[in-house]
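Asker: Residue numbers (the numbering used here), protein chains in the order written: chain A, 1 to 456; chain B, 1 to 293; chain C, 1 to 303.
It is worth saying that the hints were derived from the structure and are not from the lab.
Be aware that one or more of the hints could be misleading.
Straight line, CA to CA, 27 Å or less: simulated DSS-like cross-link-like pairs of lysine-lysine [claimed, not checked]:
hint: 1; chain 1: B; residue 1: K280; chain 2: C; residue 2: K182
hint: 2; chain 1: C; residue 1: K148; chain 2: A; residue 2: K212
hint: 3; chain 1: B; residue 1: K116; chain 2: C; residue 2: K65
hint: 4; chain 1: C; residue 1: K65; chain 2: A; residue 2: K442
hint: 5; chain 1: C; residue 1: K99; chain 2: C; residue 2: K205
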Amino acid sequence: MKAKAIFAAIIAVIITAGCAGQQAAPNPTDAPASQAPAAAVTEQPKAEAPPSEEPTAPDAKLSITWWGSQTRHDYTQTLLDLYSSNNPGISFEASPSGWDGYFDKLSTQAASGALPDIIQMDYLYLATYAKNNTLADLLPYADSGALSLGDVDENLYSSGFVDGKLSGLVLSSSVVTFPYNPAVLSEAGVSEPTVTWTWDDFIAICQQVKEKTGKYGLSSNPIDTNILNYYIRQSGSPLFAPDNKSLGYSDDSAFAGFAQLYKTLVDSGAAPTPDEWTQINALGKEASPVATGDAAFTTEWSNFGVIVAAVNPDIKLAVPPYSSSGNKALWIKPGMFFSVAQTSKLKDEAVKFIDWFINSEEANAIIMAERGVPVSSKIRSYLKTSLNKQQQDMFDYIDLITAHSTQAPPPDPQGISEVNKLLIDTIDQVLYGRITPDEAAKNFRSEADAILARNN
Amino acid sequence: MTAKGMPAPRIVSKSKGLPGSMLFHAVCLALGFLMVYPLLWLLASSMKNGSEIFTTALSLWPKTWAVFENYSSGWRGIGGVGFETFMLNSLIVSVVGTVLGVASSLMAAYAFTRIKFRLSGFWFACVMATLMIPGQVMVVPQYIIFRALGIINTLVSLAAPWMFGSAFFIFLIAQFFRGLPIELDEAAEMDGCGKISTLILIYLPLSAPAAATSCIFSFYWIWQDFFQPLIFINDPKKFTVPLALNLYTDPNSYSNYGGLFAMSVVSLLPVVLFFILFQKHLVEGIATTGLKG
Amino acid sequence: MKKSLRGYRNGLGYLMLAPWLAGFVLMYLLPMIASLFLSFTNFNMLSAPKFIGFDNYARMFGQDKSFWKALGVTFTYVFALVPARLAFALAVAMLLNSKRKGLALYRTFYYMPSILSGSIAVSIVWKQIFGSGGVLMTLLNQLGIHQKISMLGNPDTAVYSLALLGIWQFGSSMLIFLSAIKQIPASLHESAKIDGARAGSRFFKITLPMLTPTIFFNLILQIINAFRAFTESYVVTDGGPLDSTLFYVLYLYRRAFNYFDMGYSSAMAWVLVIIIALFTAVIFKTQNNWVYYESKGGIGHDS
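Based on the sequences and whatever the hints tell you, model everything.
Answerer: Laid out in structure tokens, this is it:
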């Protein structure tokens, strides 16, 4: 009997200790200290750090986490050391990570009320974390001037708003692009794409490349909803409804058209079958057929040229094709964010660091646009002279795209990973010949609606 | 006893005949090649130029050699923490986890097979149950408990899941003990040995093969574990090798594949050395020590 | 006298078991109970769990097609992999059970696949062999067997190529067999030889019966591991094509960490525990019929 009671008590403690971490109050900025999670009771003595509104204690230790590769880890550590020497008393508890597992760990920490102060956040999960009150609202800091957004395009930083709260500050921008290999195009005897080309032009070029050279016209299959989003926006509707509880377009022919596009290319051999695509995708971007000269186009982000520069320095970036409607549908996508944990006791210091990260020339001379095109226009022009050719192309591309863009869609809804997976499966079923594009459109709608309704 | 005139199958089954021996080695080597091919691939990739690794993925021979570049850029580690730190951390966790874990497992196995105590069947069912539940759903409660114990971001949190003994080894060693005659205990008892001295003086020496097998597996499993360190370790100075290997590449930015593959090769060396060191104990059991012989 | 002996045994038993018990309570029992509780909640890890009764289980059995798909894939994998891997491991262990030169080298070679389990090298090499345009496809085409789709790309065969990967990683089972074979007293074989028994009959009359405890162990562990398989699919196929290699634990992992559905994932975990426990219990029940122990008693026999 006694043992049972003890068990029950222990379980209760585990569950509440862990889960209290996210029970944030409705207005996150007014009293951070009072909302410290119950789990904080078990924390080490440093829990005595002052509430964020007071001046910083002489030895504040900011915890920060990010994902990336060796280059990014190296210079980020340099940055942190530099910041510490500029700001005596501030030190960092840095936790670099690879992309694999980064969000597994982050959600575990969130569940235990143990998020780091500063979190590198992806657009994919920004809304999910924000809607669950795990991220601090940075808007009051922007209003007070602690976070200076004067040089940042409003369209861009407003991508961080979730339910009216600035849940993360965007660090870089990137755009969907169709990188191409000029040598393959000239081998096939076709001219390079113009900025106003259409999907029909695109299909014709891809098929001609296949006929003349035997190489792929397009070397990729969909890997998430971004290209679909672009395609649907061309029909005049958003991919997701404003309340995120369902899809945002009503005409299934748009989706069917998207599926048909890939089916046409794959059936004629101008794009890889899913079987072949698995092989291509497994070898990473550096071995992308476009880079190695085995394909004309791929679908990518604007930093593609930078990534594959060592393999092929001559890759060019094309604006994605227009539809016959001629609607502008591109958008400048926030690359990655810095968010501050709601549970952080050092929000002021965290924001100060983020401000330095995006606005200071000193910091950006070290970052050298490795996280993508910087969001501050001042920093962009500061860096312009020191860029290499591929970075220059990337900067130019983003400038070019502004004329072809409209308002960015709001952050991806909760359940986006499952929708991404659903899209890949649905297109695969079309490409495997199991269902028609029309059936695919119907299946996608019913299942995506169910996922969105459950999650939002 | 010559091979002359004997039917072919007998020659193969005999170990002395020359054609049989050649056939045996041919088969073993062919099989061996299939087994080590990915290792050769890894070795070749670790010496290729970073951009060549995937573009010539099928080739086992580098076009341009980048041995020094790959191994030195990999060994440099990240953010000022060198790869030797990661190796040392892994070594500490693996050795401590293995030594304590196998010892705990030996004791538990001995209790389960040679001591009749209350609820032993129930506890053995619990041992088996720990094998069945996917770790992914236990990570959140584990994190909360480890945090309460103050062992997050310490190497203790990595050795902890192993050092109290693991179901696999308890079961493995128990099965081994059950293959030993019970007369051992009786004889030992007659000589005035208690249960504990029986375990130490009689079972421990005899269980060398099972213990060696357990040590080999344990060392490797702890060494290669990614999920535990991923979740529980924050500070790069305490990273283990698999966590570190995750730091060289990123799907959406410029990656150091050369360094990754070079350090993958380096990270296998201790595991292979450990195996070579322990594998001879696998096969030196009762048969060679001559019990009942 | 009898009572004090029992007390002594209990004390000694628990003393020996104490390290494991401590670890069990801290690292398994409490988290297991917590996960059981979470399986009755809607828990996205970012907000507090909400109790929803049996809803997760109802959704799993009633609506979730992927759950049933994953269950089917996993059963196929278990039945394709376990018998083949055990037979192969035993065969190679027998092959290596001789007194020749080079055995240590071969043992090392054969163990190598086991230490590459989750490596990107394995993933890439496996795709080079079984994937589109891979070695197998090229070979079959040269033999005149025209292949439109690779073994890994074909939803009907992809899971078997993962089973082959599992068989290839037979090294640990082989080591366990090998160490058990070496334990069989040479005297048994010698006296059988004197009685005129040939190698074949010695294998079935002596080696195999003496190996049954090890076969029993390997069988149970291999079944459990195959049901819990994750890495093979995660690294090589990521569940594809068309979910044909969606292992149960891969799906469970995705629900937990990609779809923020930890409550549901916990429910899936407990369904898996019950399935594995049933298999294990049945095999345990049969052991009296086919497993030969030198000493009776012990596990599963309370005093």
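Asker: All hints, please: hold or fail.
Answerer: Here is what the structure says about each hint:
1. B:K280 - C:K182: 11 Å, holds
2. C:K148 - A:K212: 22 Å, holds
3. B:K116 - C:K65: Violated. K116 of chain B to K65 of chain C sits at ~47 Å, over the 27 Å cutoff.
4. C:K65 - A:K442: 17 Å, holds
5. C:K99 - C:K205: With a Cα-Cα distance of about 21 Å, the restraint between K99 of chain C and K205 of chain C holds, given a limit of 27 Å.
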